[in-house]
Every structure is written in C-alpha cells, then in structure tokens.
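Participant: Take the sequences, apply the hints, and build the full model.
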Amino acid sequence: MSSKENCRNELRTAIRQLSDRCLHPAAKWAAEQLVGIEQDPAKFTPANTRFQRGSSSIRRRFRTNEIASATPLTPLAGVSYVSTPVMEEDEAVDNDFYLLGKTYFDCREYRRAAHALRDQTAKKSVFLRNYALFLAGEKRKEEESIELTGLGNSEPTNCELITIERELSTLRKNGTIDPFGLYLYGLVLKEKGNQNLARMVLVESVNCYPWNWSAWSELQALCSTPEILNGLNLSNHWMKDFFLASAYQELKMHNESLVKYEYLQGTFSFSNYVQAQIAQVQYSLREFELVEVIFEELLRNDPYRVEDMDMYSNVLYAKECFSALSYLAHRVFMTDKYRPESCCIIANYYSLKGQHEKAVTYFRRALKLNKNYLTAWTLMGHEYVEMKNTPAAVDAYRRAVDINPRDYRAWYGLGQAYEVMGMPFYALHYFKKSVFLQANDARLWIAMAQCYETEQLQMLEEAIKCYKRAASCGDKEAIALQQLAKLHRELGRFEEAAFYYKKDLERMEAEEREAQNMVEALSFLAEHCREMKRYEEAEVYCARLMDYGGPEKETAKNILRGIRGDTSLPSMDVDHFRP
Amino acid sequence: MATAAAFGVTPHKVSVCVLLQMYAPPAQAEPLFSVSQHNHLGLYLLALTKSHGDFLEPKLADLLTQLKEISGSLGDWLIEHLTSRLSSLSSPDDLAALFSEFRGILGGTEPAVIEDNQVVLDPNSYLGMFVRRCILAFNLLSFEGVCHLLTNIGNYCKEALSSCLPYELHGLDDSVNDLESSSTYENMDLENIVFQKVTEEMEANKQPSQRNSFHLHTPKALSGLVQDIEILAGSISNRAGKSGETCSSLDTSASGARHADTSGDMFLRTTSQLQGFFMEQADAIEKDGCSFPLNGFEVILNRIKKLAPELHRVHFLHYLTCLYHDDYFGALENLRRFFDYSVGIGGFDITPVPSRSKGFERYETGLLCLGMLQFHFGHPKQALEVLTEAVRVSQQQSNDSCLAYTLATICTLSSEMGSSSTSGMLGTSYSPTATIGTSLYFKQQLFVLLREALKRAESLKLKRLVASNRLAMAKFDLMNVQRPLLSFGPKASMKLRTCPVTVCKELRSCLHLVSEYGSESPTMTIEGAFSTAWLNNLRRPMGASVLSLDNGVGEGSNAFQFCAQPSSIPRSVLQLVGSSYLVRATAWEIYGSASLARVNSLVFATCYLDASSSSDAALVHAKLIQHLATFQGYKDAFSALKVAEQKFLSISRPVILLLKLQLLHERALHRGNLKLALQLCNELGVLASPFNGVDNQLKIEASMRHARTLLAAKQYRQASEVAQSLFCLCYQFNLQVENASVLLLLAEIHKKSGNAVLGLPYALASLSFCQSFNLDLLEASAKVTLAELWLSLGTNHAKRALTLLHGAFPMVLGHGGLELRARARLIEAQCYLCEPNYSAVEDSEIVLDALKQASDEFQVLEYHEMAAEAFYLMAMVYNKLGRLEEREEASDSFKKHILALENPQEEEEEEDEPVSEMLVEKN
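Protein chains in written order, with the numbering used here: chain V, 35 to 613; chain D, 143 to 1065.
Because the hints were derived from the structure by calculation, they are not lab data.
It is possible that some hints are incorrect.
Short, incomplete list of chain V residues facing chain D, as computed with Cβ under 8 Å [said to hold, decoys possible]:
id, residue
1, E181
2, L448
3, Q490
4, F533
5, I593
This structure is a prediction, so every number in the text was calculated from the model and none was measured.
Glycine included, each C-beta is placed from N, C-alpha and C at the ideal position.
Facilitator: Take a look at the structure:
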C-alpha cells in the first residue's frame, strides 16, 4: 500500500510544481492519474470516491487475466523502481515578478509574461520566461499560417526558436539547467528537426523529473522504430511504464502494450486515461464490442470528454449505430465544436447516413483545425471513393500516408482507388504495402487476392497464395476458403478444390450459415466424389443436396442415378446370372 | 486568390519594380542614362524576371553586385537609389504609396498622351505585365499581408547591409572561377582533337557547304559543356554554403541555427521560372546520369518542398535523381507519390501548362513512367505488365498520345530484350528473355508492333515520337532479315535480305525533325534559358575577358555563348537527332564503310555532344578510338583512350572499360602474348551478367575472343568447340549478323588446322550470310579467307584464289583495316609465288610491292607472326633475284620479329605503361 501512497504523494507534489511552471497539460494528466489511483476504502467516505463510482463493470465482464490488486506496483520482471527524490524548490517564497509573469501567462498574454520576467535569474522564472516566449512564437506561427494562405508559399516557423535555443544550450553547458528547461530545450530541438539531440535531452529530462508527461510524449513521438525505443537509456520509474505502453501502442506492438496497460490498471484502476488507451489498443485489435463497453463507461464517468471520442465514433460507425452516433455527435458538438475530433465525429455520422458531401465538409473542417490529423485524411479518402471522385481520394490517401507511412488503411485505400480505376497492377504495390504493415489482417489479403484475380491480370497462382494467407489469418467473412476452392477448380486441381470445399463446408456448418455457397460446395463435392469412385461419400453429399429445392435437387438426383448406374451395373449382372 | 498564390509580392519583386521605375522614369524627370546604358538595364531587368538558374529569388546583395557589373559608373547611383528607396519604407502606408507610384510606370492605352523623350512601359509588354501583376497582387493583400511584406523588406535590406556580404561573395566567386577554369582545362584536349579531325576530314572531303556549319557548331559544344558544368558547380556551391544541411548531424546546432536564420526570408521565384528551373535540372540529370550530384540536389529539393508543398513536380525530380543513382525503392516511391498527388498535373495547375504536357494529365502516364522505371532497372517482365496496363487504361481514356508513347516504349523494351544490352546490370533474377525473346515469331511481332507505333505517331503528328520510332525501325531493319510475314504459298517471295536503303531512309526522315523545329518560334523556356545564360555570363568579370585576348578559351566561350544560345531546338530533339547519327555510324560499321562510320561518329561528337547523354558520348568516343586502332595502330589508340578515360571518370565506365580490354586483347594477340590475351578475354567475360539471355552482345564478344586466343595458341579442337557453342548461342537468339562472323571464324580455325576442305563450306556459308545482310566488309574478309583456303588446297588453285582476291580488293583497300589489308596483300603475293608460270625475275615488282605493304602494315600493328612471314617471303624473293643486301635486311627483320614473338614479355617491359599496371589501375 505504501507504494500507492508514494505514487499519490509524488503526483501531488508534481502537480503543484507543474502548474507553477504553467505546464498545464502535464499537470492535468498528473491530476487525472492521481484520482485514478484506487482509494483505500477504509479511509475515505463515499463522497471521496464519487469519481470512482460505477466501479468497473468492464473488468467484471471481460477481464480474464486479472492482475491481483493486492500487489500493486511491483515491476513486471521483479525489477525495483528507482526512487527519484522529489525536486526541492530553490526558493521558498516566490518572487513578485514571477507572480506577475505567471498571472500574465495564465491569461494567455505570453509576450507580456516574458517581458515581465525579463531580468529574473531564478530557475523557475527563467523557465517560465522561455516557455512563454515559445508559446508566443507558436501562437504567432498559427496566426501566420492562416494569414499566409494564398500569399507566400512558405511554411511559417516559430521565430523564437533560435533565441530560446541559444539561451538553453548555454544553460545546459553551464550545468545550471533544470529538468523543465531540458524539456523545453528538447521541444525546441525537435521543432528544428534535430531529432537525435532532442531525444538525448528529453531522456535527460525525464530521468531527472519523471512526472512531466509532456516530456514523455514528446520523447515517444521521437521513437519511430523499436530499435530507437530499446536504445533509450531510461531509469526505471513507474512513469516509464506509461511511456512504454504508449510507445508500444504507437509501434503497433499491441499485445505488449495491452499487457503494460493492464498492469498499470492494477494501481491506477480508475484512470480514464488508462481505460481510453486500453480501448484504443482493443480497437486496433478489432475488438469492437469491448471498445464500445469501455467507452460507454468512460462517458458515464466523464461526460464532457472529447479526447479519443473519434475512435468511439468509428466503432459506432462500424456497428452502424445511427442513433448512438448522432447522440455522441450532439454531445461533443455541445461540449466543444471547434475540436478536430468533434468535426470528425459529425462527419462520421453523415457518412453513415450516406450524405458524403456533408461528411467531406466536416472532414475538411477537422483538417483545417489540425492539418496533420491522420484519421481525417484517410476517412475523407473513403468518402471521396464513395463519391466516385477517385483522384481526390488518391490525393487524400497519399497525404495520410505521407504524414504517417505506417497507416495501413490509407495504403489499402490507395490500392482500392487504383483498382477502381482499372489499374490493378499499379494497385498491387499499395496492397503490398498495406499487407506488409498489417500482415495478419485477412481483409487486406483478400483485397490483394481479388486484385490478382481481376480479368486484366489473371495471376491466379498469386491470388491463391494470398487467399491462403487470408484463410490462415482467420478470415471472418469466409471468402478466402470459398475462393480458394473455386480457383483450384478453375485450374483443374480437383483434389485441392475438394479439400477447400470440405473445409468451407465444415465452417459453414459450424457457423450455421445457409447459403448459395453451401449448394455449390455440395454439388461439387458430390460430383467429385463420384468421379473418384468414392460412392458412399458422394451419396451423403447428394442426400444433403436433396434438401434444397430448385435445379440443385435435380442435379443431385441425376448424380445419384449415375451412382446407382455405376455401382449397380455389375450387381445387376450378378443378379442376371443368379439362378 | 489563385493568382496571388502563384505570384506573391516579395521584397525582390518590389526592388525590381523600383528599378523599373528608374528605367521608365515619370515624365518630368530628365533621362539620366545614355541610350546603351538604358538598353542594357532593360535587358538586365528582362533577364532577371525570366531566368531560371536558381529556384530562390536573389538576395539584395546579389542584386546590387549585378547592378554594379552591368552599368558601371551608373551602378552606384542605381544602388543608392534602390537602397534608399527600400530603407525609407517604414510603415504600411509607405508601401501603399510606393505601389501607387508604380502605376505611373505604365503608359495608358492612348498613344497620344505620351510626351517626347518619355519612356513608358507598354502595359502589354512582358515587363509591363510584370508590374501589373505586382500591383494586382499587392492590391489583393490583406493588412496582415502588407505587414508581412514590410517586415520582409526590412530583413531583406538588413541582410544586404550587414558586414558579411563582401567576404561571402568573394569566396563564392573564387570557387566558381576555379572550378570553371579547371573544367575548361579538362575538356580542352579532346575537344581540340575532335575539332582538328573535323577540319581535316572536311577539307579532305571537300564539302564546303557543310564545313561552314561545323565551324559554327563546334565551339558551341565546347562552350556549352563548360557552361553547364559551371552552372552546376555554381549552384551547388551556392547552396552548400547557404543551407548547411549537408553536414547533417555533426554540428547540427550550428547549422540548424544558420538554416533557420536564412529560411525566414526565402522566396521562391515565380511559377514559370520554377518550371524552367525544374526542366533544366531534369535535363541535366538525364544528361549526366549518375554523375549528377545526388546529395546537393536532394537538399535543394527538400527546401523547395518545404517552401512550396503544393509544388509536386519536386517529387518527379526526386524520382529522376533516384533513377539515375540506381535507387530502385526511392525512385518507385517518388514516382508514385508524384502521380498520386498531382493526378499528373504536376502542381502547375495555376499557370497554363505548355502544350508539351498535354499528355501529362492522367494516371496512364504514371503507368508509362512506371513501366520505363521497371525497364530501366532491368525488370522486363514487370515492365511489360505495367505497360500492358498503360495500353489498356489509355485506350479506355482514349488518350491517344499516351498510347502512342506506350507502344513505342514497348517496342524499345522488346527490341532491347532481344539483345539485352542494357538491362540486367543489377543482376536480377528475372531472365524472361530466354522464354520471350528468342523466336522468330517474336521478331515478327516486334516488327508489326513497330509499324503500328510508327503509324500511330504519324497520325497524331507527334514529331519527336515519329523520329524515335523511325530510329527504332532503322535499328530493327539493320539487325533483322525481313521475311515476308506470310511465308507460305507459291507466291511468297523468298527474298531474304536486309535493305540498307530502307535503313538510310528511316534515318534520314528522322533528321527532318530538326528542320521542323527550326522553323517554330522559340518557346518560353528557351527564352528563359537564354536569360539564365546571360545572367550567368554577367557574373564573370567582363573586363578581364576582354582584356586578356591571349586567353583564347575564356574569350571564345564568352563570345560564342551569345551566338550559340538562342537556338530554338529543344535538347531532347537534339539528343534524338544525335542518336540517329550514332545509329548511322553503327549501320555503316556493319555494312562495312569505315569512313562513313567515322564521319557519322565525328558529326555526333562535334555537333551533338553537348545535348547527348554521357553514355552516348562515351560510346561515340569508344567508336572513334576503335577506328583509330584499326586504321592507325595501337599507339594512337591508346593515347586517345587515355584522354577519354580522363574525360569519363567514373561515368559510363563500362563502355570505356570494355574498349580498353578489347584493345589490350587485340594487341596481346598480335604480339603473341597469349597468356595475357587469355586473361584479358576472361576479364571481358566477367563483365557480362551471369544470367542467361542477358548481356548477349558482351558474352558473344567474350567467347569469340576466347576462340581466337585458343586458335592463336594452336589448340584447334578447343577453339572449334568454343566457336561451335557460340554459333549455337547466336542461332538460338536469332542473331544473324553475329552468325556470319562466327562462321568465318570457324572457317579460319579449319584453315589454320590444315583442314582446308572442311573450312570451305563454313566460309561459303558466311559469305552467303554476308550477302543477304549486305555486310560488305565482312564479305570481303570472307573472300580473303576463301582465297586462303583455296590456296592451301594446292598451287593449282592459285589462279582461282587470285581472281577471288582481286574481286574483293576494292572493298578491302577502300574500307578495310590495317590487318585485313595486310593479309590480303600477303595472300596476293603468295598466290603470285605459287602460280606455276610465275617468274621471279620478270614479275618481281608486283610481289615485292605487295609484300612491302603487307609488312609495313603488320609492323604498325605489331603483328609479329604475320610480319615475320612477309619478311621471310621477301627475303626469299630477293634471294632469287640476287639482291643480297636487301635480302639481308629482310632476313634481319624476320629474325627480329621471330624473336619478339618468342619473348612477348620483353616488349611489355619496354612500354612506358605495362599492361599489368593498366589492369591494376582499372580495377
């Protein structure tokens, strides 16, 4: 219990320190985790735990690998955490100018804040001054990017970066920089494209002061490959688990990520953040049911949450829940309509309604709010495909891919768009890319196989290979088996065809689906068995075929008659000569 | 708003407008310039707005230096006026006032208003339009935009006035000059040689009409070459200095700071200028191939991408660089990115795209490019797949021109797959050649395809395509016997011949292209190129070049730049025409007219070298050097080779390397250094790709040389085995021209082995092959071999051999190389000597004459064995005649050659550069 208590104390101090430095997002995150820690029921009245009501119905319903909550915060492999001493503030009483600067900062008057703090030498003031300057530059940059649309073509940059960098690098050389300064320095370096040094500086920062989540997330954005991630020299603090979980998630190591998050849930069992992240991982694993449940609970606890809600809307979209989606859209719209997520949710709603023009309008709005909003680009591409505007779709997908080359959906979209335009060979390249990124997704393999199968290409061998992969990936719509059987039959390989038809049949039986496929499989198998002189088997299939009406019944009868003919001829002869 | 995006007001444009205001001052101001100064300034401004030497607008400092250069004493006044004008702008309203003043530069539409002596810009002139666009763009600006412009102008002036300016500029200038001078020096020798040869040749041929044009063109080739290099070097050094990104991660903080410092105030030029820049760079990439600097250019492209993300043409250039640097994945990615983004428009949708890119509008072009990419990287199967798709899509979209281009590409692809000379360098696992490209059926298909492509291109009036199709057709005609497509039935003609007339006709009609382009009005980009060249010229110290008249090069190139630049023929056309000359040279080589082959290569070398790609240039050098070797012996050839090697340092090494090996092998054979010869021909064989059906030409060459080496080593059985298998290979790939020479080689082997009767049928077969392909020179040498065979059958056949020989003499003496000529002479002498009614006393002169010539030529070739034989015969004849002194002399020579033949190593050591050293150096 003490470690939980430790966590709590560390976070409490950290929140104060972070807000002293106006690092609001990090402070917010820390506060969320603070209340996310499971309270000791003995100590607290129910009023204290009102955030935690509803407890966790999800865990009751879905959790299989329950981690005993009695052993919180013991590292997975038995590694002990480094205890990082809470940083001491260098001055007990805050300077007046610092107080003035901070109030300016809180009123978002950044330049004024920086000016008020101009001659201060205390570390806190120095950081706040630089941070204010940085934010002022960012604000100006945003404004310029709007002003400059249609004027010059150059991308605006933050013009304060150089001065900040100069000051911070000298501070770092003197050794008088604090972890917050390091964080800002890393941020500036990253903005300027100096990734290696930025990574180094950020690692330094989080090792000194691990409770700054902003620093962790900047660091995470700089880890684009598992190799880089493993190469980081991080000391073992419990915050590292949060970092690793989110980094794994970004690198599509979903299972590793899930393990980490579930482990974290042991301590932070009421953390909305952790829950939302688990939902995200489950979404990537395509466990839509679970995701929906998680989000329902999240919304119950935190009804004004907008973050991650776009994913929830995607789930609702996939499940075609019209009213739920519209309800969600309405809710986020009332909360904050100028958030890219809100626009995306509304666009999803329109898309589900089949009003693609409106959907595109809202996607465009989302993209105006955040030009690098990956999902919106991809989804807009889908809309354009629906609207039969393939070139625009290609453009949108391509932008998504250039923002994040690991987005398999956009690659897949590109492939589809080109296939629609009748360029299957050209499309293949894109399918290959998407399959490379998401090798165990049957849909992608099937799409690629269909591409190979087109009448222009007719590369059936390759198609068969793809279908095989799809079948081994657990193809939910059961296209692969059926196609495999069909292709083998077309290529005259009846043994293989029979094998796949049988498999398909078994599967259909297991899922209790009745379809035209069933008839097809049965009639082929009946015919095939007859030709192979396995008459008993053939008769079984024919008998099953007889259950269906129409022409199939007739064929079955014919086959049966044929079988009788084949088998009974010799016996008739015998009869004939029997005395 | 779209126009504003393409043509934003920038500090540089403002200063150009201020200069224009000075160029056309308001009415009351008295003119300050002399007329010539005025004109010069006007020309300068025009060039400034059109040139596309760089993608960024020049800084104020650069502008000021240029101003100083063009207008001498007046420059100071101009500079002062300009800077004071710009620095006086302190509030947004000043800017507004300035722009309303600019309106005064333009004249009204009424001509009557103009007073005397007043210079007024025609609003519809190029410069007038420029001013109008600036004013319009300014009027469209929001208040924020005006504020931005003001701060930018402030920075623009500040930078120029800061102290670092003179130092940096000097450094830059120096480096450019150094590079220029060194490159000039490098190119001088060979160009001079070529030039000299042309004049000699032309004077010998007495063709005054053509001679004139040669004189005009040659210096152009020279100056153009120098200038290109200079531009490249200049721009690279420019950029390397500015952006510091090249030294990527080492001192990143410092370079990063510099980068950010400069990036704030960088402005791209106008879209048309950028387009010109891109086209020029693309040309340069295609021309220089892999020697084009990759990293420097990548930095430039990245900066453009950052400055103007909507300019997708950048991706295309990226693709081109990757392509020529053998970066398959990079090329593939960038090509697809380009077509994904732009739908093929290339980001220039804002300005009206010139007619050239009319076919550049749809995805089928992407397919076409992808096909060419796959072809380039030696994946013919994929290329064919992609191109088929391109055909289908362009048919669906009824994009005829794309279809025509695709067909032409398929033709090239399939003809290349037949011979596979270029593909397979990467050693791909694909060798579909063995399955696709072997049969006669395939050739027929190709022929039909070629005709179809040609017809299509003609009906669509795609001039360039017609020309290149004709070229392909000529190549096909050259290499393949035309069989009637329906070769059954009684009426099918059985004529199995190639027709040189058709080849020449095709090639000639290819030339018409130039005249068609010559009559067209020059396009905008050409004008831009001229402006660029003019501005570059400005950068050179003008006074110095005029004063130092003895410095012939600098002066000459300067002078010629002016008369040579404004040619209206696009480089791609020139390249095409150039390659037609190359094909001609090859055709004549095959048909056996050495002088015509040489003339054609020389024409190419002198006129089209600057427009051609470096691999073509290397090829023509190889051809010329080979010619030198066969007609003037090895000494000259090797010295020329040295020059060529220096010129083509790392680029197109294969061609030059191949040539070197060939020459060395030939010489080793002649000298009798068989060990070395064997080693050399093995090295030659290693150059070829190990895959079946790829690099056939090279493989054939290698095994041919192998057989010859074995023959020289008197290992007849092995030699004939190699030759037999070679024949099978040629037969399999339907290489009939090669077949003829292999048959001749077989005949030779049988002759040497003393089995003349067996040799005869081979020689006759070769002869008939030669006749059907019009391979005159080879035919002559087959006749010589035949004569040798007859002669070795016995003395009673000497007469027949002699008649045969005399029949072949015109061809042999007119076009044959040293070796063939000498051999023919030797046999002639032998025939005379064998003839029963020959009397040494009466007819000695004929024999001695022939022998003398033969021995001279063999000596030049250092062909010891044959030279010894000639001297031996000579000594015998002299002996018969009783001319003892001459007999001694001949026998001495005989002895010398025999000794040299026995110790080939000694001779190598005498050489200033031993062969072993050359080989080491090569590796």
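Participant: Evaluate each hint against the coordinates.
Facilitator: We went through each hint and held it up to the structure:
1. E181: holds (4 Å)
2. L448: For V:L448, the interface hint holds, since the closest Cβ of chain D sits about 7 Å away, which is under 8 Å.
3. Q490: holds (6 Å)
4. F533: Violated. Min distance 31 Å.
5. I593: violated (42 Å)
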